[in-house]
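Protein chains: 2
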Amino acid sequence: MVVVNTGDDFEHLGLHISPDVDTVVYALAGISDPIQGWGIAGETWGFMRALETLGGETWFQLGDRDLAVHVERTRRLRKGETLSSITTDFCERLGIQHRIVPMSDDPVPTIVRTEEGPLSFQDYFVRRRSEPVVTGLEFSGAEQARMAEAISSAALCGSFSAIVICPSNPYLSIAPILAVPGVRSLLEQRRFPAIAVSPLVGGRALKGPAAKIMHELGKQPSALEIARFYTGLIDALVLDHADAVLADSVRSLGVTPMITNTIMREPRDRSDLAAQVVALARSAARLP
Amino acid sequence: MVVVNTGDDFEHLGLHISPDVDTVVYALAGISDPIQGWGIAGETWGFMRALETLGGETWFQLGDRDLAVHVERTRRLRKGETLSSITTDFCERLGIQHRIVPMSDDPVPTIVRTEEGPLSFQDYFVRRRSEPVVTGLEFSGAEQARMAEAISSAALCGSFSAIVICPSNPYLSIAPILAVPGVRSLLEQRRFPAIAVSPLVGGRALKGPAAKIMHELGKQPSALEIARFYTGLIDALVLDHADAVLADSVRSLGVTPMITNTIMREPRDRSDLAAQVVALARSAARLP
Numbered sequence: 439m440v441v442v443n444t445g446d447d448f449e450h451l452g453l454h455i456s457p458d459v460d461t462v463v464y465a466l467a468g469i470s471d472p473i474q475g476w477g478i479a480g481e482t483w484g485f486m487r488a489l490e491t492l493g494g495e496t497w498f499q500l501g502d503r504d505l506a507v508h509v510e511r512t513r514r515l516r517k518g519e520t521l522s523s524i525t526t527d528f529c530e531r532l533g534i535q536h537r538i539v540p541m542s543d544d545p546v547p548t549i550v551r552t553e554e555g556p557l558s559f560q561d562y563f564v565r566r567r568s569e570p571v572v573t574g575l576e577f578s579g580a581e582q583a584r585m586a587e588a589i590s591s592a593a594l595c596g597s598f599s600a601i602v603i604c605p606s607n608p609y610l611s612i613a614p615i616l617a618v619p620g621v622r623s624l625l626e627q628r629r630f631p632a633i634a635v636s637p638l639v640g641g642r643a644l645k646g647p648a649a650k651i652m653h654e655l656g657k658q659p660s661a662l663e664i665a666r667f668y669t670g671l672i673d674a675l676v677l678d679h680a681d682a683v684l685a686d687s688v689r690s691l692g693v694t695p696m697i698t699n700t701i702m703r704e705p706r707d708r709s710d711l712a713a714q715v716v717a718l719a720r721s722a723a724r725l726p
Numbered sequence: 439m440v441v442v443n444t445g446d447d448f449e450h451l452g453l454h455i456s457p458d459v460d461t462v463v464y465a466l467a468g469i470s471d472p473i474q475g476w477g478i479a480g481e482t483w484g485f486m487r488a489l490e491t492l493g494g495e496t497w498f499q500l501g502d503r504d505l506a507v508h509v510e511r512t513r514r515l516r517k518g519e520t521l522s523s524i525t526t527d528f529c530e531r532l533g534i535q536h537r538i539v540p541m542s543d544d545p546v547p548t549i550v551r552t553e554e555g556p557l558s559f560q561d562y563f564v565r566r567r568s569e570p571v572v573t574g575l576e577f578s579g580a581e582q583a584r585m586a587e588a589i590s591s592a593a594l595c596g597s598f599s600a601i602v603i604c605p606s607n608p609y610l611s612i613a614p615i616l617a618v619p620g621v622r623s624l625l626e627q628r629r630f631p632a633i634a635v636s637p638l639v640g641g642r643a644l645k646g647p648a649a650k651i652m653h654e655l656g657k658q659p660s661a662l663e664i665a666r667f668y669t670g671l672i673d674a675l676v677l678d679h680a681d682a683v684l685a686d687s688v689r690s691l692g693v694t695p696m697i698t699n700t701i702m703r704e705p706r707d708r709s710d711l712a713a714q715v716v717a718l719a720r721s722a723a724r725l726p
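Keeping their order, the protein sequence lines are chains C and R.
To get this note's numbering, take the position in the first sequence, counting from 1, and add 438.
To get this note's numbering, take the position in the second sequence, counting from 1, and add 438.
Simulated from the structure, these hints should not be mistaken for laboratory data.
Keep in mind that this is a model prediction, so the values were computed, not measured.
Positions of the beta carbon are idealized from the N, C-alpha and C atoms, including for glycine.
Don't take each hint at face value.
Stated by the list, open to error - To spell it out: a stretch of chain R is covered by chain C in this simulated footprint if at least three of its residues, at any positions, have a beta carbon under 8 Å from a beta carbon of chain C; those stretches are:
id, region
1, 451-460
2, 484-496
3, 511-525
4, 528-539
What the hints assert, rightly or not - From the derived model, a few chain C residues whose C-beta atoms are all more than 10 Å from chain R:
id, residue
5, 485
6, 557
7, 689
8, 703
Turn these sequences into a full structure, and let the hints steer you where they fit.
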């Protein structure tokens, strides 16, 4: 089961867009654009070009095939279906074996507080290219949100054998999930191993504004700070070789460090890292 | 000013679609697909193919560029703009000199009564390919609809110098316009010439189900029946050479027949026919 942040979701051109869900769906369907890091490989842009001619908003790029997901999902949401159930159906149709679950079917839009005032997530991230200085983050509606039913029933049935927090932006992409009531305590009270993979390598994010945001929030952009962020929620943190020097400090926080290559350039890098994380989870599960 | 039927308008995939308005817009923008007779030339179909993969409805074809019109128009309609004002803006952006005006900004959806029960227009026309036997037509909401403000102010200011009813399906495409309160009396009380061009040539429609519907409604599919349909609303009817034999019968209805070539294969055929119709209107205006 892949639990995905929906704090980035927004309505655009009258369409419900779930960027993180779509990125995971496209990746696991094997159709994602490897160069852009979002969208569909070999995408066409007829819609976007025509929209520009008509004077529509073009700051958020929507490819022709990608658009089918937004239009069809919006139609089904308006009919009363949940984001979870639509996502499950799309995954089946795209031949995805995994269960992809949005963190919640309730809206939890991320508000980025900046020196220029509060910005909705996509305004900050796409329109403003993460340039404004971040002063805080707000996951609005999180307190009222229910975690997606698939997560709570898996928790109830004791179906989790491990949880892996992927190398993602802790503030923008993981914190919103942790803000959904029950998710943090699911990790705190776990009877299974939880492992995070550091998104920072040598103090830098491989992509995105994680290091910049940490700096702006007065944190040291380093894997040690990532360990601190997840303390109490994880057993182990996977660090890149570049951060081997931080191993002892991580261990002193009560988090087991594992040093390996975390930079994923080729598919082989991904499966290698995944295999190591799974092996670590298996060995951790055998610990008392 | 081109007044266009909106009886075919419908909501599809959560989008407001105005097929006749778009066909006229694309034609006058010089971007229409000359082979299909609808849509945009050189269109791409990434959206439609992806929608099919996702299990969406694909019986109504929406090209990638065409889709931009529907998405942007729907967004603006939901914000409270009128179809008229959006259409005017799109025309400007597409470099169209003409004023294209939907007959009304209020919904007047055509219901096709058939032997299989009532069908919404696109269900009948596209999904069922005009196959069910028509027993009647209903322009629902017509009584409450107001004619578009551009038409009523042109009428009020006496701006019309002639009205031409194009060679279109009288039952499906012209009758809905005539059903909007004020339009029929605008023609009946006119002080300017009105001319129709017969959509039937030798008893056949050049495209579409006009002849089939006339037959099903118990009418003779002929240009004479067209003259009867428009009696009291027009001064002259333009007939194809193939229907020259009907000239006297048309004249006996009080309608002046004009015989010419009405089959438009090449752009030249169109401008020739248009020039003749304009010349006829000019000469008719000089009559007492």
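Check on residue 557/C being off the interface with chain R, judged by Cβ distance over 10 Å: holds, 21 Å
Taking 8 Å as the C-beta cutoff, is the stated coverage of the region 511-525 of chain R by chain C satisfied by three or more residues? Held - the region 511-525 of chain R has 3 residues with a Cβ nearer than 8 Å to chain C, which meets the minimum of three.
Do three or more residues from the region 528-539 of chain R put their C-beta atoms closer than 8 Å to C-beta atoms of chain C? Coverage by chain C holds here, the residue count being 3 at a Cβ distance below 8 Å.
Would you check chain C against the region 484-496 of chain R, counting CB to CB pairs closer than 8 Å, and say if three or more residues qualify? The restraint on the region 484-496 of chain R holds, since 10 of its residues have a Cβ under 8 Å from chain C and three suffice.
Confirm or reject: residue 689/C is not an interface residue toward chain R, with every Cβ-Cβ distance exceeding 10 Å. Non-interface label stands for residue 689/C: nearest chain R Cβ at 47 Å, farther than 10 Å.
Hey, does residue 703/C actually stay past 10 Å from chain R on C-beta? Answer for residue 703/C: holds, closest chain R Cβ roughly 28 Å.
Please confirm whether residue 485/C is truly not at the interface, meaning its C-beta sits more than 10 Å away from all C-beta atoms of chain R. violated, 5 Å
Within 8 Å of chain C (C-beta), three or more residues of the region 451-460 of chain R: Since three or more residues must qualify, the claim that chain C covers the region 451-460 of chain R holds, with 3 doing so at under 8 Å.
Checked against the numbered hints given earlier, this structure breaks only hint 5.
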